[in-house]
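**Student:** Chain by chain, the residues:
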Amino acid sequence: MLAVAIVIRYPYAPMPTALEARNLVKQYPDILAVNDVSFSVPEGICFGLLGPNGAGKTTTVEIIEGVNQATSGSVHYYGEPVGTRFRQEIGIQFQATALQDNITVLETLEMFRRLYDRQADLGKVIADCSLGDLLDRDNRKLSGGQRQRLLLAVALVNRPRLIFLDEPTTGLDPQARRNFWELVQKIIADGATVILTTHYMDEAHVLCDEIAIMDEGRIVRQGAPDALLREQYEGLIIELPLADLRDKLEGVEHTVIETKGVVEVVSTDVRQSLSELSGHVTDLNHIKIRQPNLEDLFIDLTGHSLRA
Amino acid sequence: MSSLQRIYAVFRARNREFLRDRASLAWNLILPVALVLGLAAVFGGEGRDQYTVGVVQESDIIDESQHPFLETKYIRFVPVPDLDDALVKIERHRLDLLVEFGEEGRYWVNPESPKGYFVERVLLQSGDREPADIRREPVSGDAVGYTDWVLPGILGMNMMFSCLFGVGYVVVRYRKNGFLKRLRATPLTSLEFIIAQVASRMTLIMVITTIVYTGTHLLLDTRMEGSHVTLFIVAAVGAISMISLGLLVAARVTSEELAGGFLNMINWPMMLLSGVWFSLEGAGPFVQQLAKIFPLTHVLDSARAVMLDGATLVDVAPGLLALTAMSALFLGLGAWSFRWGPK
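If you read the sequences in order, they're chains A and B.
So the first sequence is numbered by our numbering: it starts at 77 and just counts up by one.
So the second sequence is numbered by our numbering: it starts at 136 and just counts up by one.
One chain only, chain A, in its complex shape (with noise of 0.2 Å):
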């Protein structure tokens, strides 16, 4: 079991610039998956790359991880153009890889190893990602929160500076989920820069400190996860069903939300807007009060649902 790790941050002390990326342009011939993508992460933090499936945020990944080339633009490692450096001490795990079959997670992690100068204390890594009972066993026969940990683990093999995380999550259970997050928070802890690309908006709301929302290929908003909200809402979301209403809500401002079948109120008076609304509303019963999140902020930024 893991601990809960307490990370502690200093505004006022600047950390370097782990990673930088340069107007990132991608086009393919019949799509531009990339247009003039440009951010930077601060050592230490894990930045996240939030978007719906084919927003460009895995193309931007692979682009700096160096497995898919620009049509245009840089990329920057502590001030340098990515280079053999760079591939020395960067882990990625991909949404999805292939490890060779009839071999054990034990002689994986020992192949990997041996591909870097930089490399990891291998009991350790097998002690943070769990897989102590599993080093014996073929990596076919592994479940798919046991191969996410093998992977990540693989990402690991050479103590890396910088983590890349592709969707690491997608296909888990909750509870796989959840030990995951925890796994990663500790990667932090011991001070990794982690870049996650996910499509989970309460993932990125977790292990995040600063995320990048992308949408067809550009960046549509940057930002601490905590402080984008504010910018975007004050106060609290109020949702009925569309099917409650008695008539168009005249007089109050309010976003209908079509995916859902619901009507979403923004207010900073709770006590008020109810009273407006009661008598528009069949049953107040189905009322719900909650706080804005990342994936109200991303339809707002959007038009458009992050499964769409």
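A hint or two may mislead.
What the hints assert, rightly or not - Anything over 12 Å on all C-beta distances counts as not near chain B; from chain A, calculated:
1. Gly-142
2. Asn-144
3. Phe-170
4. Leu-191
5. Asp-193
6. Asn-234
7. Arg-254
8. Asp-285
9. Ser-351
10. Lys-364
What the hints assert, rightly or not - Some chain A residues close to chain B (C-beta under 7 Å, calculated; not the full set):
11. Gly-130
12. Glu-141
13. Val-143
No lab work stands behind these hints, which were simulated from the structure alone.
C-beta: ideal position from N, C-alpha, C; glycine also.
Mind docking chain B on chain A? Use the hints.
**Tutor:** Same frame as chain A, but now just chain B:
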């Protein structure tokens, strides 16, 4: 019923996958046609000669009036000016029979050769002279059995399949399932990856081939006139060249089916033209020259020279140089064109 529906769904999806992979489809269509056309060009015509008989004479033109045997259909008669050279070919199954007509006719046949046996019977039954009129001469030296002759061919063929499919096919699968992409995200270079593949496959092949050869040699007491070290060097150099060829095929291909098509396109001509099962002595000069573009031809020629004729490393150096040049070419092109990912 639902089971049938599921089967049909998978069946249809697989058909679509295959049919939409146009490159693979094209290869599957083109390859058999190309093979048929190629075989027709090489072995076709008005009935292929089944046997090759050397006629000892100075002239380049065979005078059929010398003996009715020379008019026999489906036997290719080749003039041989040098008797000693021709006798070696009889020993090595490169000629089925050797005849000399004159005042006193005589012939030479390898008693271990099945084709020699048949063509000898044809000789003795043909003509207006009694069989006693033509004298059977002993073959100088030890006659080479067909098992001795075909063993290098079988070992070479096994090496060829293992090299081409064991490397080419596997690399394509690695690329397709993303394992190569994962390796690319490490400090490993494409050349390092290729060298590792060559070394791995070569080690396996050499161990397997050595075991098979040793077992066969001990069991059948096969002929070994030369040095085992030289033979090992020939096999190793040959294995590198064929592995390199497999890597070249796999350098960019992303579909296992397309890779299979390419590999078959290489395998089959080598199987037929490199002398695995039979000697190309009876084939035309063009075919014999064409066969030299295949690494397997040089491997088998060199291995047979060592095993059957006692050739030294110096004797087989031209073949080894050709194989080395091929390896350098294939590896260079493979490393240059190598692609980690499917796109």
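**Student:** I'd like to know which numbered hints this structure contradicts. Please list them from smallest to largest.
**Tutor:** Violated: hints 1, 2, 3, 4, 5, 6 and 11.
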